[in-house]
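Let chain A serve as the given structure and place chain B on it in line with the hints.
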Amino acid sequence: MSLSFPRRIVPTLLPALLLGAAMASAAAQAPMSAEQQAAHVLNRVAFGPRPGDIERVAKMGVQNYLDEQLHPERIAYPPELTARLAALSTPNRKAGDVLGEFVELQKQVREEDDGARQRRRAALMAVAEETAEARLARAIDSPRQLEEVMVDFWYNHFNVFAGKGIDRALVASYERDAIRPNALGNFRTLLGATAHHPAMLFYLDNFLSTANGYRPGGKGQGQKGKATGLNENYARELMELHTLGVDGGYSQQDVTELARMLTGWTYDPRALVRFNQTFKFDAARHDQGSKHWLGREVAPAGEAEGEMALDVLARHPATAHRISYQLAQYFVQDDPNPALVERMARVFTASDGDIRSVLRVLFASEQFLSPEAAGAKFKTPYQFVVSAARASATPVNNVGPLLSAMTQLGMPLYGCQTPDGYKNTQQAWLNPDALSRRITFATALAAGRLPLAGKPRAAGAPSPDAMPAPAPAVMTVDPARLQATLGEAISPRTRGAVAASAEPLRAAMLLGSPDFMQR
Amino acid sequence: MQRRSFLHSLALGASVMIPVGRSAWAASTDTPTQKKLIVIMLRGAVDGLNVVAPVGDENYLRLRPTIGLALPGMDGGALDLDGYFGLHPALAPLQPLWAEKKLAFIHASGSPDSTRSHFDAQDYMESATPGRKSTPDGWLNRLVAGLPGAPSPSRALSIGPVMPRILSGPTAAMNLPNGAGATKANVLDRKNVGDAFDQLYAGHERFGRAYQDGKTAHQEVMAAAAAASAAAAQEMNAADRGAPLPNGFPDDAARLATLMRNDPKIQVAFVDLGGWDTHAAQGNAKGQLANRLQPLGQGLAVLARRLGPLFDDTTIVVMSEFGRTARENGNGGTDHGHGNVMWVLGGAVNGGQVYGDWQGVGQAALNEGRDLPVTTDFRTVLAQVAERHMGMTDRQLVKVFPNMPKGAAPFKLIRA
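As given, the protein sequences belong to chains A and B, one line each in that order.
Residue 33 in numbering that gives the first Met the number 0 sits at position 34 of the first sequence, and the numbers go up by one each step.
Residue 38 in numbering that gives the first Met the number 0 sits at position 39 of the second sequence, and the numbers go up by one each step.
These are computed hints drawn from the structure, not numbers from a lab.
The C-beta atom is built at its ideal place from N, Cα and C for all residues, glycine as well.
Each hint should be verified, as a subset may be incorrect.
To be verified - Pair ranges (Cβ atoms, derived):
hint: 1; chain 1: A; residue 1: N211; chain 2: B; residue 2: T32; range: 28 to 38 Å
hint: 2; chain 1: A; residue 1: G216; chain 2: B; residue 2: T65; range: 12 to 22 Å
hint: 3; chain 1: B; residue 1: G82; chain 2: A; residue 2: N211; range: 53 to 63 Å
hint: 4; chain 1: B; residue 1: G82; chain 2: A; residue 2: G294; range: 44 to 54 Å
hint: 5; chain 1: B; residue 1: V397; chain 2: A; residue 2: G294; range: 35 to 45 Å
Next up, chain A with everything else stripped away, as it sits in the complex (with noise of 0.2 Å):
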């Protein structure tokens, strides 16, 4: 191999640019068998394959499974699935209840009440993890897998940072309460199911703007008792991120004059810790002025300028076009064909924002069927590991090692900072740090070395006199059966050298395979 020549020799004449746009597998220009297509479909509609699935979506036909994925109210859960995500504690509480004890631990560590910093990160820790098991558990288990895929889409798509002061309390009700119930519903409803929620007004600072000259009478409400004046972190965002995107035809001007319009949407924190209110609209926060924003005149009218607006943005061309290219990026390519983005534009403003539909439109084109597009995308870290969990049909009662491997593969869940969310592209992730770390995860995973089968610390809470559970046996993956389970999107050169390796190494390059590294 190159590796062992002297550095000066090493070869520099590498392939040209493999920037940018995604490159369709040299393999796939054939017309796709059966099997190949519920490969392809599989990956794109669901987080890869799980042992069987091939069979089965190319037994009764993508467009029968496609069918179904988008009626997931139709889909039962398994029993073992819903019992997991019945004992966990924090995805079943209401937003309100956990933040008072967020606060509660958060007033006990003013106090310097002794251990009450580690209570309190223990607390915190339990709250993340319980959060990060109910998605992941989900997305590797469910049978509704759409609608897990399109959580991760719109979860990043309006995007609320968990290490953010209270949000780390509230991101399990904002993806419960705001993103799932409506990830393939209607388009108006899911944005004001976000911009509603507490998780959002605090995470791009709504809750604090106000008129300016406001003159805040509340004491104790902490940062926000002291706020006066306009906060355009939202309302910049709304448009630029949520809806119209940067180029969609506004102005600072329409940055001011949205957020003027936004001003009082706000929560008032005791009310949401007693009552679990999660909205309040403060009449005496609004700026009762008249605006201008958008090239029309906005007559004084209190939250119903806020509505307005959500319904204008919801309902704008440019807003239509841009989420119709972006799923179209998420579930077709990198780079989507422009006639595609316009067709399902043309049926999103038709719909009214109805998901589902445009959707529809998506899976039933020839770009989202076609051979250049099976494993055109370069999986983000997230679908990686989730596929990997998936495919190695590895019992994870702990997900802490795959928390980890998200983290050091630079996609912590519910980590990302700013409000544009991951990316999807190959270009965001694919580096040559990045390629040798999934390798090693890959490696871990099939030699069965990642504690996946404990239970996590903090669920559950087990006493410290506890019985110690026995070490669980260790978990190799079979590569026959993976190999039997990933099918057909294994390419035959990656087939030959498994076959060729040592036993003990086939599961691993199967995972860590560049078959593996796309979808």
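Chain B alone, transformed into the frame defined by chain A:
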């Protein structure tokens, strides 16, 4: 603790790293220039008016009654730079560099594009083509392409799990994870595993190059770490090897300095730091912004110190996509603005000065009545460093910074 594990990882490196020894570096003669460039990008738009604060302007505290820095000498006051500008007190570790005239600032600098979108502005600053999103590569990648000597993936290094836009492009570059893991052996160092994956990736159309670059870079870094470990044994008593460094930037900066000293191939490095988007409660001498600036200042000082003699050949540029509003908002924060301050440090930097066409923060001087105008295009600063420090020719400069504004900046950042 931190240092111990770092040294441990270095020692581990020594045991695995057999084929490419230190002598390989001594023998290599394909790096005609020793000059180094390190770019640090503060993503999220750092509040430059509180980094290098115009405390001598009577309007400053009027615009910023709660977040403004007090005058030098007062409690929590700015650190005097030139009698008019004051440095944020959390950046005290940089004071010696200022006194030695190895640190300069260029105020009211930035991109001519008026966008206040973080993402577009960062994109333009990394492509160095403001207003043009279709530029496929980053300017640092184009700069590396123009360096004399044989190409190598380890010439350009980014610290972090993803490859930033600024280093993306046809020229090979490597990235290292944050933290001590960067210099540890990985599973591909085991021969049977490495051979198996070489088979899968060698010559692979889509991933072959990234895979090979990763392996080559990893081996170079391991070799450099091994060399550093040997050198460290002799320098145990050196003044800067004392207290362990906090995690985060100071720790990564120390590691970067060690690598650069021990791998002469590394000529360009990039680090990005987030968390500067202070829309609310940013604080003044203390608080959110101060808490971010402190490790940055400390890390830069560590970097300068640990580069040792190499600092004379190094220029460090700190930049951010745009500045923030001159006026504080209702929430003790600042919103998106325009002009900002760029920082330049290095042994050859003509420091101890705040450069740029500064027009004050009076209402009439503000851009759109809200933020600093851009009176120095960021590309003129970068081009000057590329030309006068990295020795780029005019022909190369045109490629790295296409469509530059005409006319040179009226200052000389790098000493002849």
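These are the hints, each one checked on the structure:
1. Remark: the range hint 28 to 38 Å for N211(A) to T32(B) is contradicted by a beta-carbon distance near 55 Å.
2. Between G216(A) and T65(B) the beta carbons are some 19 Å apart, a value that agrees with the proposed interval 12 to 22 Å.
3. Range check, G82(B) to N211(A): Cβ separation about 35 Å, and the 53 to 63 Å hint is violated.
4. For the pair G82(B) and G294(A), the supplied restraint of 44 to 54 Å holds, since their beta-carbon distance comes to about 49 Å.
5. Checked against the given bound of 35 to 45 Å, the beta carbons of V397(B) and G294(A), roughly 41 Å apart, stay inside it.
The structure fails hints 1 and 3 (numbered hints given earlier, in ascending order).
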